[in-house]
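Asks: Model the full assembly from the supplied sequences, consistent with the hints where possible.
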Amino acid sequence: MNFPTIKKFSTQALTILLLSELAAVITGPPGSADAPWSGVQGSITQKTSFFGLFIVGRWIFFYAIGIACYVVALSLRKVNSKTSALKTFRSSYNSITDNKYFKPLALVAVAILAILLPTIISDPFWRQAMVSQIAVFILLALGLNVVVGFAGLLDLGFVAFYAVGAYATAWCTGALPMPPIFGSHINPFFTIPIAIGLAMVSGVILGIPTLRLRGDYLAIVTLGFGEIITLFANNLTGVTGGAQGTKQIPHFSLHLGPLKYIWGLDPAPYYYLVIGFVIFFIFIFFSLEHSRVGRAWTAIREDEVAAESLGINPLKYKVMAFAIGAASAGFAGVMTAAQSNYLTPATFTLYLSINILVLVIFGGMGSIFGVVFGAIVIQTITMYLIHSPPAGYQAQDLYIYIGALLVIMMIFRPAGLFPARRRHRADSDASRLEDSNV
Amino acid sequence: MRWGNPSAFSFQLGFRLPKKGHTLHGFLSYLHAHFHALRLEFWGLLIGGIGSGIIYAMVAIGYTMVYGVLRLINFAHSEIFMTGAFAGYFTLNYLIGDSSPSGITSILLIVVGILAGGLTGSFFAVVLERVAYRPLRIRKAPKIAYLISAIGASYFLLNIAAKEFGRIGRGITQPYENHTVFTIFGATVQMYNIIIFISAGIMLIIVDRLVNKTKLGRSIRSVAQDSETASLMGVDIDKTIAMTFVIGGFLGGAAGFLYAMNVGVLYSMGFTPALKAFTAAVLGGIGNLRGAVIGGLILGVTESFTVVFFSGAYTDVVAFAILVLVLMFRPTGILGELIGRSA
Amino acid sequence: MKIRLNKSVAALATGALLLVGVPVVGLSSVSSAAAKPVYVIGYQGPLTGSAAQYGLNELGGLNLAINNANATGKLPFTLKVKSYDDQGDPTLAPAQAQAEVAIPNLVAVVGAAFSGATHASMPYWYNSHIAAITPSATAVTIATGKNNFFRMVFGDDVQGTTDANFLVKTKGAKTVTVISDGSFYGAGIAGVVSGAAKAAGATVTSDALPQTSSCSGGVASVSEFAAEATKIKTSKPDAVFYGGYACDFANLLPALKSAGYKGTVMSGDGSYDAVLLKTTTPKSAALGAYLSAANCGSTGNLTGTLAKQYKKLTGIEPAAALYDAQAYDAGNILVAALQKISLTGGVSAIRPAIISYLHSGSWSGVTGKIQFQANGNLVGTGKGNIAIYKVTGKKLPTAHSCY
Numbered sequence: 001m002n003f004p005t006i007k008k009f010s011t012q013a014l015t016i017l018l019l020s021e022l023a024a025v026i027t028g029p030p031g032s033a034d035a036p037w038s039g040v041q042g043s044i045t046q047k048t049s050f051f052g053l054f055i056v057g058r059w060i061f062f063y064a065i066g067i068a069c070y071v072v073a074l075s076l077r078k079v080n081s082k083t084s085a086l087k088t089f090r091s092s093y094n095s096i097t098d099n100k101y102f103k104p105l106a107l108v109a110v111a112i113l114a115i116l117l118p119t120i121i122s123d124p125f126w127r128q129a130m131v132s133q134i135a136v137f138i139l140l141a142l143g144l145n146v147v148v149g150f151a152g153l154l155d156l157g158f159v160a161f162y163a164v165g166a167y168a169t170a171w172c173t174g175a176l177p178m179p180p181i182f183g184s185h186i187n188p189f190f191t192i193p194i195a196i197g198l199a200m201v202s203g204v205i206l207g208i209p210t211l212r213l214r215g216d217y218l219a220i221v222t223l224g225f226g227e228i229i230t231l232f233a234n235n236l237t238g239v240t241g242g243a244q245g246t247k248q249i250p251h252f253s254l255h256l257g258p259l260k261y262i263w264g265l266d267p268a269p270y271y272y273l274v275i276g277f278v279i280f281f282i283f284i285f286f287s288l289e290h291s292r293v294g295r296a297w298t299a300i301r302e303d304e305v306a307a308e309s310l311g312i313n314p315l316k317y318k319v320m321a322f323a324i325g326a327a328s329a330g331f332a333g334v335m336t337a338a339q340s341n342y343l344t345p346a347t348f349t350l351y352l353s354i355n356i357l358v359l360v361i362f363g364g365m366g367s368i369f370g371v372v373f374g375a376i377v378i379q380t381i382t383m384y385l386i387h388s389p390p391a392g393y394q395a396q397d398l399y400i401y402i403g404a405l406l407v408i409m410m411i412f413r414p415a416g417l418f419p420a421r422r423r424h425r426a427d428s429d430a431s432r433l434e435d436s437n438v
Numbered sequence: 001m002r003w004g005n006p007s008a009f010s011f012q013l014g015f016r017l018p019k020k021g022h023t024l025h026g027f028l029s030y031l032h033a034h035f036h037a038l039r040l041e042f043w044g045l046l047i048g049g050i051g052s053g054i055i056y057a058m059v060a061i062g063y064t065m066v067y068g069v070l071r072l073i074n075f076a077h078s079e080i081f082m083t084g085a086f087a088g089y090f091t092l093n094y095l096i097g098d099s100s101p102s103g104i105t106s107i108l109l110i111v112v113g114i115l116a117g118g119l120t121g122s123f124f125a126v127v128l129e130r131v132a133y134r135p136l137r138i139r140k141a142p143k144i145a146y147l148i149s150a151i152g153a154s155y156f157l158l159n160i161a162a163k164e165f166g167r168i169g170r171g172i173t174q175p176y177e178n179h180t181v182f183t184i185f186g187a188t189v190q191m192y193n194i195i196i197f198i199s200a201g202i203m204l205i206i207v208d209r210l211v212n213k214t215k216l217g218r219s220i221r222s223v224a225q226d227s228e229t230a231s232l233m234g235v236d237i238d239k240t241i242a243m244t245f246v247i248g249g250f251l252g253g254a255a256g257f258l259y260a261m262n263v264g265v266l267y268s269m270g271f272t273p274a275l276k277a278f279t280a281a282v283l284g285g286i287g288n289l290r291g292a293v294i295g296g297l298i299l300g301v302t303e304s305f306t307v308v309f310f311s312g313a314y315t316d317v318v319a320f321a322i323l324v325l326v327l328m329f330r331p332t333g334i335l336g337e338l339i340g341r342s343a
Numbered sequence: 001m002k003i004r005l006n007k008s009v010a011a012l013a014t015g016a017l018l019l020v021g022v023p024v025v026g027l028s029s030v031s032s033a034a035a036k037p038v039y040v041i042g043y044q045g046p047l048t049g050s051a052a053q054y055g056l057n058e059l060g061g062l063n064l065a066i067n068n069a070n071a072t073g074k075l076p077f078t079l080k081v082k083s084y085d086d087q088g089d090p091t092l093a094p095a096q097a098q099a100e101v102a103i104p105n106l107v108a109v110v111g112a113a114f115s116g117a118t119h120a121s122m123p124y125w126y127n128s129h130i131a132a133i134t135p136s137a138t139a140v141t142i143a144t145g146k147n148n149f150f151r152m153v154f155g156d157d158v159q160g161t162t163d164a165n166f167l168v169k170t171k172g173a174k175t176v177t178v179i180s181d182g183s184f185y186g187a188g189i190a191g192v193v194s195g196a197a198k199a200a201g202a203t204v205t206s207d208a209l210p211q212t213s214s215c216s217g218g219v220a221s222v223s224e225f226a227a228e229a230t231k232i233k234t235s236k237p238d239a240v241f242y243g244g245y246a247c248d249f250a251n252l253l254p255a256l257k258s259a260g261y262k263g264t265v266m267s268g269d270g271s272y273d274a275v276l277l278k279t280t281t282p283k284s285a286a287l288g289a290y291l292s293a294a295n296c297g298s299t300g301n302l303t304g305t306l307a308k309q310y311k312k313l314t315g316i317e318p319a320a321a322l323y324d325a326q327a328y329d330a331g332n333i334l335v336a337a338l339q340k341i342s343l344t345g346g347v348s349a350i351r352p353a354i355i356s357y358l359h360s361g362s363w364s365g366v367t368g369k370i371q372f373q374a375n376g377n378l379v380g381t382g383k384g385n386i387a388i389y390k391v392t393g394k395k396l397p398t399a400h401s402c403y
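Protein chains in written order, with this note's numbering: chain U, 1 to 438; chain V, 1 to 343; chain H, 1 to 403.
Everything labelled a hint here was simulated from the structure, so no lab data went into it. Any given hint could turn out to be false.
Chain V side only, calculated, beta carbon under 10 angstroms to chain U, not exhaustive [to be verified]:
1. Trp-43
2. Pro-142
3. Ser-149
4. Glu-164
5. Leu-283
6. Thr-332
Quick look at which bits of chain U chain V covers, simulated, 3 or more residues with Cβ under 8 angstroms [as the list claims (entries may be wrong)]:
7. 221 to 228
8. 317 to 326
9. 369 to 381
Restricting the straight-line Cα-Cα distance to at most 30 angstroms, the calculated cross-link-like pairs of lysine-lysine (BS3-like) are [stated by the list, open to error]:
10. U/Lys-78 x V/Lys-140
11. H/Lys-174 x U/Lys-47
12. V/Lys-239 x U/Lys-7
13. V/Lys-239 x U/Lys-316
Since the model is a prediction, treat every value here as computed from it, not as a measurement. Ideal Cβ placement from N, Cα and C applies to all residues, glycine included.
Replies: Structural data, given as C-alpha cells:
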C-alpha cells in the first residue's frame with residue numbers, strides 16, 4: 001500500500017472528516033429557525049453507542065466509519081484492477097448487456113413479471129402504489145423520453161400534459177363546474193381518447209412557437225407553459241374548480257352490451273388496464289424510434305441545421321415529438337383522475353416536471369428500457385422509504401438523499417443506468433464539441 | 001355558489017367577461033377603469049417594480065455569468081439565494097436582538113447583512129462548483145448531466161435547510177424603520193426602496209466595472225468566448241470559473257438578504273425568485289450581463305403593472321407571454337447573446 | 001489542493017456511511033410488548049414534501065395526547081400511533097389508506113390533513129368502517145353521506161359567512177374587496193366571504209394575489225402586494241378581506257398602510273398567528289386589523305404545560321395555524337372512545353363502535369366544546385362560535401367577541 005505525503009494525507013483526512021460529519025448531520029436530529037445550531041450541534045455531540053461497545057460522541061463514531069470506509073475502498077481499488085475474476089465478471093456482464101437481443105428479451109421478461117405482479121404482491125400499500133405511483137410514472141417517463149430522449153428537446157413543463165389529460169377526464173365526466181360540451185356525462189373509460197386527443201393538441205400548441213428556440217431557451221419556455229397550465233387550473237375556479245379541486249370523478253366502468261364491469265376500489269383491475277396501455281405505448285414508441293420518424297428525430301437532435309439541409313422539416317417533427325409524448329402523459333392523467341376520483345391543481349407542480357425529468361435521465365435518456373427501469377427504481381425506492389422507513393430514518397430527509405444520489409450519479413454515470421447505445425456515442429461527441437466552444 | 005355559476009367564472013379571472021346583453025361598452029369601460037388606475041399610479045408601480053426587478057437582476061447575473069463560462073443553467077442558484085438570506089437573517093437577529101436601530105447603526109447593519117449574505121452565497125457557490133460541477137467537467141459529461149447535478153444539489157441544499165432551520169417562515173428583525181422618504185410625481189418612495197436601489201445599484205455597477213474593465217473580467221469574458229484559446233493564452237480556467245461563481249454567488253446571496261429583509265426567510269424561498277430571475281436572464285439574452293439587468297427590471301415592472309391591470313394571479317402568465325413574444329422575434333433575447341451562438 | 005476521491009472511494013464511503021450510520025444511530029426505540037392489548041391509531045398527513053410542516057405538527061399533537069394517555073397507566077390497553085405519509089397528495093393517499101385498513105389492530109384514523117387526500121382516502125376507510133377524524137381538512141364537499149367522517153374544525157363556510165356578515169352588517173361596509181391567495185384554504189374562505197357579502201347586499205370585487213415565496217413557497221414577490229395596495233387605493237372599498245395566511249397578510253398590511261388605505265381590513269384564522277405581528281414591519285401597520293378564528297372561548301392552541309411537553313416531544317413549537325391542537329383533541333377523543341366502548345369482539349367490532357360513540361358523545365378540549373353532527377361537521381352553525389379579534393398592540397390579541 002502506498003503511504004501518501006503528509007499534505008496529501010491531511011487533506012484526505014480533512015475531506016473524510018467533512019464528509020462523515022455531513023453524514024452525521026444528515027442523519028441527526030433536526031433544528032429550527034429559532035435554534036439553528038441545535039440540529040448540527042445535536043448531530044455532532046450526541047452520545048451514541050459504538051456498535052454496542054462503548055459510548056462516544058456521534059462525530060467520532062461517524063469519523064471512524066468514514067476512515068474505515070476509505071481504507072477498505074483503497075485496498076479494494078488495488079484489488080479491483082488486478083483481479084482477473086472481477087475482469088471476467090465485468091466482461092461477461094458487458095457481453096450480456098451489449099447483446100442486441102438483451103433489451104427486447106429483458107423487456108419481455110419484465111412484461112411477464114409485470115402481468116403476474118398482482119398475484120405475487122399482497123401488501124395493500126404496494127398494490128395501490130404499483131398503479132398510482134409506479135405505473136403512472138412509467139407512462140410519464142415514457143412520454144418525456146420521446147420529447148427529451150428521442151427528439152432532444154429539453155422540456156421542463158411536461159406536467160402540463162398530465163394535467164390536461166386529468167382535467168379533461170374530469171370535464172367529460174361532469175366533475176368540473178363547466179359542463180361537458182355534449183351535455184351528458186360519460187364514464188371515464190370513454191374519455192380516454194378525448195383526453196389523449198386534448199393532450200396531443202396542447203402538445204402541438206406548445207410545439208409551434210418553439211421552432212426558433214434552442215436548448216435553454218426552449219427549456220424556459222416549456223417551463224413557462226407548464227406553470228401557466230397549473231396557474232389556469234388553480235385560478236379559473238368556474239372552469240376547473242380552482243384550488244379546491246374537482247367534484248367526484250367516477251371510477252372506470254364498461255357497459256358494452258353483455259359486457260359489464262366496474263373498476264372499484266381494488267387496484268388490481270386498474271393495474272391490468274395500465275399495464276396494457278404501458279405495453280401498448282412502449283410498442284408504439286419502439287416502432288417510432290426505429291422508423292423514419294425516429295431517424296428524423298435523431299437527426300434533429302444531433303445537428304438540426306444539417307438535418308434541415310437534408311430536407312427534414314424540423315418544425316413538423318418537433319411538434320410530432322411533443323404531441324406523441326403528450327399522448328402518454330394524457331393517458332396517465334386519465335388514470336390518475338379515475339383512480340383517485342378527485343383532482344387538485346396542487347398535484348401538478350413544477351416539482352413534478354422535474355421529478356419526471358430526473359426519472360428519465362437516471363434511467364438513460366433516449367432508451368425505452370432505461371427509462372422504464374429508471375422510473376421503477378426511483379419510484380420504488382421513494383415509496384419504500386415512505387412505506388417502510390428503516391429505523392432511525394426520518395421521513396422528511398428523503399430528498400436530501402435523493403439530491404445527493406443525483407449528484408453522485410451524474411458524476412459517475414451521467415448517461416444513466418442503461419444508456420441508449422446511439423445516444424452514448426452522440427453525447428460524448430457533442431460534449432467534446434461544446435467544450436471547444438466552436 | 002361556486003359551482004356552475006357563470007358569474008363565478010369571473011371570480012378568479014380578476015376581470016369580467018362581457019356577458020350576453022352587455023355590450024362592448026362594458027368591456028371598454030373595464031379597460032378604461034384599469035388604464036385609469038394604471039395611469040394614476042404609474043410612478044408608484046414603477047418604483048415598486050424596479051425595486052423588485054433589481055433583485056431579480058442581481059440573481060439573474062449569477063445565472064448569466066455561469067452560463068457564459070460553463071454553458072450551464074445553475075439550477076442550484078436558488079439555494080445560493082436562500083443561504084444568503086439565512087446568513088443575513090441569523091447575523092441581523094444576533095446583532096440587533098431587541099433594539100430598534102436607526103441612523104448610522106442602520107446603515108452599518110445593512111452593510112453587514114449584505115456582506116454576510118454575499119459572502120455566504122459566494123462560499124456555497126464555490127463549494128457547489130467544486131462538488132457538483134467540476135467533477136463533471138473533468139469527466140467531460142454531457143450537458144444534461146450538469147442540469148441534473150444542479151437539480152440534485154438544489155434538492156440537497158433545500159432539504160438540509162428545511163431540516164436544520166425548520167419549515168416555518170420567519171421574519172428578519174428590521175435594521176431600520178421603514179417610512180416614506182419623499183414623494184415624486186405623486187408616488188411615495190419608501191426607505192426600503194432607497195436601500196434597495198442604492199445597495200443593489202452599487203453592487204451592479206461594481207460588477208459591471210469588474211467584468212468590463214479589470215483583468216479578471218477579461219479572463220471571464222475570454223473563457224466565456226472560447227475557453228480553449230483562453231487557456232492557450234495563459235488564463236487559468238479553473239480559477240476563472242471559480243471566480244465567476246464567487247461573483248455570481250455574492251450577488252445572489254446579497255440579493256437574498258435584501259429580499260428577505262422585506263419578506264422573511266423560509267427554506268424554500270429561493271425557488272420562485274430564482275426561477276423568475278432565470279426568466280429575466282433569458283429575456284435579456286443569456287450570457288449578457290447588462291441584458292440580465294434589463295430583463296430583471298422589465299420583469300419586476302411587468303409584475304407590478306399586471307397586478308393592477310389584471311390580477312396578481314396572472315403575473316406569471318404575462319411574464320411568460322412577454323418572454324415568448326420577445327424570443328419569437330428575437331430568439332437570442334433583448335440584448336442578444338454575448339457569445340452569439342445558437343445552442 | 002487536489003483532492004482525488006475516485007469512484008470506489010466516494011461511492012463506498014457515502015453509501016456505507018449512510019447504510020451503517022442510519023440504523024445503528026437510530027433514533028427510534030422499540031418499546032417492549034406489553035401484556036395489555038395494543039391498538040393502533042393511524043395518522044395520515046404530509047410528512048415529506050412542501051407541506052410537511054402540517055403533518056409533522058399534527059402528528060406531534062396526536063403523539064402528545066397518546067403518550068400522555070399511555071403514561072397514566074390507567075388504561076386497559078396500550079395505544080400506538082402509526083404515521084402514514086401522503087405528502088398531501090390525493091394520488092398517494094389511496095395507497096396509504098389501503099395500508100392503514102390492512103393493519104389488523106388499527107381502530108381509527110386521525111387524518112388526512114389535507115382535504116384532497118381525505119377525499120381520496122374516504123372510500124377505503126368507509127369500506128372498512130374506520131372512523132376518520134380530520135384535524136384540518138376544511139373542504140365542504142367531503143362530508144357527504146359517509147358516517148365515518150368527522151371534522152375537528154369548522155368548515156370555512158361557517159367562518160367565511162360570519163366574517164362577511166361582520167364586515168357588511170356590523171361594520172357597515174357597502175363595497176368589499178376580497179383577496180384570495182390561491183391556496184386551497186385561501187381560495188375557499190375568500191369564495192365564501194365574497195358570496196356571503198354579496199348576499200348581504202354589498203358590492204364585491206374579487207381579486208387573487210398569490211403567496212410570496214418566503215411564506216409558503218408561493219410565487220409572488222413583495223412588489224405585487226404594493227401594487228395590489230395601489231389598486232385598492234384607487235378603488236377605495238369600505239373593507240378588504242384577505243383569504244390567506246399570516247405570513248402574507250403581514251406583507252399586505254404595511255402595503256395598505258403606506259398606500260394610505262383607511263378602511264376595515266380583515267383576515268381569517270390562517271392569519272391568526274404570532275408570526276403576523278413578528279413579521280409585519282412597521283408593527284403599527286397591523287393595528288386595527290381584524291382576525292377571525294374558528295373557535296370561541298378558548299385559545300385554540302396548546303399552551304402552558306402542554307406546550308412544554310409538545311416542545312420536548314417534537315422539538316418544535318406548537319402553532320395554532322398548524323392544527324396540532326386539533327390533532328391533540330382528536331387523540332383524546334379517541335382515547336375516551338376506547339375507554340367507553342366494549343373492547344370484546346375484536347377490532348372488527350371496535351371500529352364501528354367508535355363511529356357510533358363519536359356520533360353520540362360530546363367533549364371539551366383545548367379547541368373548545370366538541371360535538372359532531374350526523375354529517376361529521378362540528379355541531380352548531382358556528383353561530384356564536386367564531387371569535388373575531390382586533391389587533392391593538394404588539395402581541396397577538398386574546399380579547400375577542402364571539403359572533
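Asks: Compare the structure with each hint and give your call.
Replies: Evaluation of the provided hints:
Restraint check, V/Trp-43 versus chain U: the minimum CB separation of about 29 angstroms is more than 10 angstroms; hint violated. Taking 10 angstroms as the C-beta cut-off, the interface hint given for V/Pro-142 holds, the closest approach to chain U being about 4 angstroms. At about 4 angstroms, the closest approach between the beta carbon of V/Ser-149 and any beta carbon in chain U falls short of 10 angstroms, and the interface hint on this residue holds. Evaluation of the V/Glu-164 hint against chain U yields a held restraint, the C-beta minimum of about 4 angstroms falling below 10 angstroms.
Hint on V/Leu-283 holds. Least Cβ distance to chain U is approximately 9 angstroms, under the 10 angstroms limit. For V/Thr-332, the shortest C-beta to C-beta distance to chain U is roughly 8 angstroms, which falls under 10 angstroms, so the interface hint holds. Requiring three or more residues with a Cβ within less than 8 angstroms of a Cβ of chain V, the coverage given for the segment 221 to 228 of chain U holds, as 6 such residues are present. Counting residues of the segment 317 to 326 of chain U whose C-beta lies closer than 8 angstroms to any C-beta of chain V gives 0; at least three are required, and the coverage claim is violated.
Proximity of the segment 369 to 381 of chain U to chain V, defined as three or more residues with a beta carbon under 8 angstroms from a beta carbon of that chain, is not established by the 0 residues found. Straight-line distance between C-alpha atoms of U/Lys-78 and V/Lys-140 comes to about 25 angstroms, which keeps the hinted pair within the 30 angstroms bound. Restraint check for H/Lys-174 and U/Lys-47: the C-alpha separation of about 65 angstroms exceeds 30 angstroms, so the hint is violated. Only pairs whose Cα atoms come within 30 angstroms are accepted, and V/Lys-239 paired with U/Lys-7 is accepted, the gap being roughly 21 angstroms.
Distance restraint check for V/Lys-239 and U/Lys-316: the Cα-Cα separation of roughly 44 angstroms exceeds the 30 angstroms cut-off, and the hinted pair is therefore not satisfied.
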